[in-house]
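Asks: Residues per chain, in single letters:
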Amino acid sequence: MENELNKDNLKGVLFQNFEEEVATAPEIVWDNIEKELFSQKKNKGILWFSSFLVFCLLSVGGFFLFFQNPSEKQLIDKSQAKVVREDKNRSNLEVASVKNNSTVKTSQEKGNNEINTNNTLIQQPEKQFSKNETKSNQVKNTQLVNTINSSENQKIETKIVAENKPLSSIDSNRQESQLFRFPYLKPIISGSILALKTMLDFPKSKDCTSKISLQLAENRGINVRSIDGQFDSQSMKSKTVGERKIPTKLRLHQFGINYQINEKFDINTGFQFGKSEFQSRWFYRQFYLENGETTVELKTLNGEATLDNEEIVTEIATGDTVLYKLRANYSSSFFSLPFGFTYNFNQNKLSPFIRYAVSLDFHQSPTISLDIQKNGTLKNYDLKFQNNTIRFAMQQIVSAGLDYKINKNWSAILESKLAIPVSKINVGTNYKLKSSYLTLGIGIKYTLPCANQKPKK
Amino acid sequence: MMSSEIWRNDENELVTACKKGNQAAFKFLYQLNSGWMYAICLRYMSSKEEAQDVLQDSFVLIYRKIDSFNFEGSFKGWMRKITVNCALSTFRKKTPHLISLADSAPSNEPIDIEFLQNLQLEELKKLINLLPKGRRQVFTAYVIDGFSHKEIAEMLEISEGTSKSQLFDAKKELKRAIENEYMIAKK
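Sequences listed follow chains A and B, in order. Per my numbering, the very first residue in the first sequence carries number 73; after that it's consecutive. Per my numbering, the very first residue in the second sequence carries number 63; after that it's consecutive.
It cannot be assumed that every hint is accurate.
Claimed, not checked - Restricting the straight-line Cα-Cα distance to at most 20 Å, the calculated cross-link-like pairs of lysine to any residue (SDA-like) are:
(1) B:K138 x A:K107
(2) A:K283 x B:V122
(3) A:K107 x B:E112
(4) B:K81 x A:F110
Since the hints were made in silico from the structure, they are not lab data.
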């Protein structure tokens with residue numbers, strides 16, 4: 073009889089022989105399985121907890137490090153100053169400024185000057201002073217009198233009477249109190265603990281032990297920069313010239329790494345860099361410099377900048393020439409390192425998500441040049457920054473978006489981000505900037521193939 | 063009744079407990095099934111160490127994929143498929159050239175195996191182990207574990223034609239080896 077070696081008759085011949093065959097696997101196999109499946113949860117928990125703890129400590133420490141100087145208001149509060157405001161006529165300007173342990177008297181008087189409002193350069197906010205008169209500046213060490221007269225027969229008089237305290241003692245009081253005034257401390261710590269607990273408690277995905285994805289995104293939006301503290305944009309004093317706040321266009325390039333903890337939570341980090349360029353234009357009747365000053369100092373939205381061109385300084389100081397137009401060309405860029413987590417609402421093809429991150433931002437040296445127009449001629453001058461090193465700041469980033477899964481590995485991302493400053497950018501003496509932004513971005517995400525680490529004996 | 067007793071008597075309960083992530087249930091599942099699964103691994107792999115690695119991979123995969131088992135069909139069959147798949151995947155990764163280079167046209171030439179029934183298990187295993195690695199995998203998967211050429215082709219990432227030709231060559235070689243053994247035994 074001839075049998076064919078086909079599947080059916082062989083099952084009768086061979087399968088019955090092999091069906092009941094057993095072999096004893098060594099115990100090490102189960103040990104390895106147990107190690108791979110059940111011990112990693114504990115290890116991961118410890119790892120993430122340690123990372124998160126370090127991150128929280130760094131965040132809080134970083135905040136205190138970069139958030140040292142108070143606003144001018146707090147400074148005045150600490151020195152127990154009394155502020156009295158009275159409205160008066162606004163036809164004269166009297167400014168007296170305080171200098172530590174010194175008395176300075178300056179006096180400048182300017183006549184009426186007409187403003188050419190037809191000039192095409194004027195596009196941004198224009199400040200016109202039809203009739204300004206600086207009568208006298210008298211300074212005492214303990215008293216500041218600031219009287220601004222308006223053309224509408226209203227006069228604002230500000231009297232600040234401060235106790236004669238050395239600035240150093242004010243600073244030390246202020247720094248001490250900052251440690252206990254940090255308003256975000258409690259929410260950040262309690263929020264971190266809650267997030268950590270939720271992440272660790274959430275059942276882990278059994279499909280894969282680790283899922284790492286890389287993300288590239290391009291964002292466009294607005295960057296709002298503002299000068300923190302008191303700022304008198306109406307003043308003609310060089311130190312307070314310019315806008316207090318300005319929104320500019322922002323381009324933000326983002327590279328992210330996500331680590332999937334479970335089906336709902338990812339941990340994110342990476343880097344992003346952004347650049348914003350803008351032009352700010354003001355119209356000034358005149359500046360004035362205090363006696364002995366050899367530079368024009370400008371409080372700009374990029375920092376405390378100075379102009380030391382001798383010709384311009386002399387003209388301003390002597391009052392021979394008035395400045396008609398100022399045009400500031402800003403360029404600033406930053407590099408940030410965010411760290412946060414993402415909550416994915418589902419694992420469907422289209423999945424909404426929300427993200428929270430804290431980022432450490434390195435603001436690179438900005439540039440600014442000033443176009444000054446006088447007598448119809450426009451001249452460009454580069455300004456120097458007093459503090460032109462890399463500056464640090466911290467931001468909280470809150471974002472929401474949609475993740476559209478194209479296939480197993482690729483996703484398209486649409487995300488809107490809002491960055492809120494936690495700390496301010498320290499750009500000069502008692503002078504800080506706040507930077508926030510709102511962007512909308514699109515990007516792609518690539519999920520690396522699942523890599524399971526198998527313990528070997 | 064102890065949980066282990068319930069699990070021993072009711073496979074569905076055991077699977078359900080494993081699906082819930084019950085570690086004790088999974089250990090019990092391992093104790094119940096590791097014997098025959100290890101035997102499969104030994105059939106496919108050329109060393110005990112490799113077989114142990116495949117067994118480990120198989121149980122890890124079973125744990126991770128158990129949610130996808132929907133109680134349709136035999137759970138043992140499902141585990142068998144995972145084990146064979148793991149073994150063949152490991153084999154393919156380690157020696158991809160052994161099968162792809164041996165592609166040839168399949169043949170339907172019948173092969174006489176009347177004497178196979180008289181062979182003991184150990185003798186049969188010894189003969190199968192004499193086959194070249196690639197052919198042994200296909201032969202074992204097709205003849206012993208009952209997978210189709212399509213399934214084998216998917217697991218080994220080869221064409222169905224290659225699977226068929228490998229089986230044909232394996233049968234031919236096995237027949238020759240068995241005939242030799244048989245003739246020697248007759249003499």
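Asks: Hints first: check each against the structure and report whether it holds.
Replies: Going through the hints against the structure:
Only pairs whose Cα atoms come within 20 Å are accepted, and K138 (chain B) paired with K107 (chain A) is rejected, the gap being roughly 24 Å. Taking the CA atoms of K283 (chain A) and V122 (chain B), the gap is near 17 Å; set against the 20 Å cutoff, the hint holds. As the CA atoms of K107 (chain A) and E112 (chain B) are separated by approximately 18 Å, the hinted pair is consistent with the 20 Å bound. For the suggested pair K81 (chain B) and F110 (chain A), the alpha carbons sit about 14 Å apart, so the restraint of at most 20 Å is met.
Checked against the numbered hints listed earlier, the structure breaks hint 1 alone; every other hint is satisfied.
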